[in-house]
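Asker: Listed in order, the protein sequences are those of chains A and B. To convert, note that position 111 of the first sequence is 111 in the working numbering; the numbers rise steadily by one, no gaps. To convert, note that position 108 of the second sequence is 108 in the working numbering; the numbers rise steadily by one, no gaps.
The hints are simulated quantities; they were obtained by calculation from the structure and are not laboratory data. Using N, Cα and C, we set each Cβ at its ideal position, and we do this for glycine too. Treat the hints with caution; some may be incorrect.
As the list claims (entries may be wrong) - One side of the interface only, derived from the structure: several residues of chain A facing chain B at Cβ under 10 Å:
| no. | residue |
| --- | --- |
| 1 | 79 |
| 2 | 115 |
| 3 | 271 |
| 4 | 304 |
Claimed, not checked - In silico negatives: residues of chain B with every beta carbon more than 10 Å from chain A:
| no. | residue |
| --- | --- |
| 5 | 9 |
| 6 | 101 |
| 7 | 194 |
| 8 | 248 |
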Amino acid sequence: MVYTLAREGTTRWLDKLLEAGEVIAPVRGPCGDVIFSALRSPAQVVWDFENPLPPPKQFVLPQTDPLVKIKLHGQRHEVEPIYDDAPRTLFNVRSCDVKGIAFLTRMHEAEPADASYLRRAHNLTLISLACTTPCPAGFCTCTDSGPFLSAGYDVQLTDLGGSFLVEVGSEKGEAAIARAPDLFQKASEDAVTQRQGLEAAAKTHFGPETCHFGSAMRRVSTGRVQDALWEKMTDWCLECGGCNMVCPTCYCFSVKDLPQDGAWVRCRMWDSCQYTAFTLEASGHNPRANRKERMKRRFFHKVSAQYYTRDSTVGCVGCGRCVKTCLGSTHMPAVVAAIRKGKWHE
Amino acid sequence: MNDVFLPEIACLEKVRDETPDTKTFTLRFRDHPNGNGFHFLPGQFLELSVFGCGEAPFCIASSPTRPGTFETTVRRTGQLTDQLHKLANGDEVGIRGPFGNGFNVQAARGKDMLFVAGGIGLPPLRSLIWNVLDERDRFGKVTILYGARTPHDLVYKDELEEWKKRSDVELLVTVDVAEHDWTGNVGVVPILFQKVTLHPESTLAYVCGPPIMIRFVVRDLLNRGFKEESVISTLERMMQCGIGKCNHCAIGHRYVCRDGPVFNYREIAELVE
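Construct all of the structure, not just a fragment, from the sequences and the given hints.
Answerer: Right, dumping it as structure tokens:
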């Protein structure tokens, strides 16, 4: 179904959504930057913003994710799973992040399914805000993940000026509308036409970043990237792991026991394939001891045909966050371009 | 939906010193003392928790033909194994698993079995060796070649004696560096190939040990006419989740924890790193 929602109606809708559970939305942080955070009041929501650097994946896959409570009674241990069943709404997330969460969910649904992640994901309603102005570093047209979505959202909003076009994509979306049904009117043909126009216009306003995955994929999948090229690129990588932390599709993790209340909580924590210790074995053997092997690994996982076959997509949603965060410019578009051209830019 | 991260509590029933830095732990599930529902194949591994310290992967060293308890042999080499070595009978650990593909025991029936192990590489093969010996009439000739750095580094010394005495097992042991009271073979594992008669066309070779040993042993076996599919090894990687999600053990798009850890040499050669 497609509706329209008057701009002033958003406050009441958000109030209703807040009654149903936590609402995460882009808000202005104390230093003026925009971040995803739990709302206290609808007035906090930012409507015109460049996508925050930390992606909203932390609300389905927290950086430190408690999995198992380990209790100690004398010498006797008891373990119990920790579940987060809280209903949450992610409000005003961008198209690329909707695709990112869909990617993570597909990965965690693969057998054996990860109950901890899936409970969070199943209780999450995704209300996205289509990008009428693409972000400067974004290249989501190359990954089919924006600026507007044709599926994958629960609700997609498009800012039409005085009102929003509201596209409902799932039962969870219908339920979100049903919280304040009187606010939503059936959309007019004009409103739908206006949305199509905005999408077409947005596609003409992309920045300089592009990412031609096809030929890079052929080379990465068959190991036909020169070692010398990897070496040149790794010279620029500072191994900070920033690309992994801000990537909406990165999910590698380590498991640690953290002390709590005289016992422990077993947690899954984000990790980075770019860190030396990621593959270090207790024996001292490290199959990816050098940076070149680690960078190769990252891009094999992201763009190889082997993973493309498994995931039905490249491991990139074109959000451009790695472009913004990488100090050495070994981000997705730069590396894909270098692999395609067979030379690094320096 | 099963909880993939929830360990089951097991108690240490016996702790045996193998070498100065290696111990064998016999475990029994605390809440299922008969091991109900715990079925594994030789070559599969467990995620063992030392609570407060975390989890690490260890191969199951005992045979599925001897249910009830299960064993793992661990060298003290890091934080978790250091803590594990401090535990005693009755102490509790967590167990998840079994994980991985394991050795295909069914497919090996009727074949001659050659086991080549170096140092701490014997434990994963020991599971299969006892499985074969407990069903002895289903398999052909059994040959075990085992090497370690010094006589002190040999694990399962009692069992080596037992295998040596058996007429249906050929066991040869060598050490890299001998001491004055050692009367056996001296040299690296491949020297033992000269002392046994092998029939490559009817034999499956199971190889486990340090990477350098595996490299030379596999080369020798292929030179002696073994097919790549008949040379089977079990790979080591830092496996954390055991279910192909955390990505620590990935080699290309394969996961050692889920697609392995047992691979034949042809599969290993095809892994794209």
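Asker: Each hint needs a verdict: does it hold in this structure or not?
Answerer: Hints, verified against the model:
1. For residue 79 of chain A, the interface hint holds, the least distance from its beta-carbon to any beta-carbon of chain B being 6 Å, beneath 10 Å.
2. Nearest Cβ of chain B to the Cβ of residue 115 of chain A: about 4 Å, under the 10 Å cut. The hint holds.
3. The closest approach between the C-beta of residue 271 of chain A and any C-beta of chain B is roughly 8 Å, which is under the 10 Å cut-off, so the hint is satisfied.
4. Against a cut-off of 10 Å between C-beta atoms, the interface hint on residue 304 of chain A holds, since the closest Cβ of chain B lies about 7 Å away.
5. A Cβ of chain A approaches the Cβ of residue 9 of chain B within 10 Å, the least distance being about 6 Å, so the stated non-interface status is violated.
6. At roughly 14 Å from the closest C-beta of chain A, the C-beta of residue 101 of chain B stays outside 10 Å, upholding its exclusion from the interface.
7. Here residue 194 of chain B stays apart from chain A, with its beta-carbon at least about 29 Å from theirs, past the 10 Å limit.
8. Interface exclusion of residue 248 of chain B from chain A breaks down, the closest Cβ pair being 6 Å apart, not more than 10 Å.
In summary, the structure is inconsistent with hints 5, 8 from the numbered list given earlier, while agreeing with the others.
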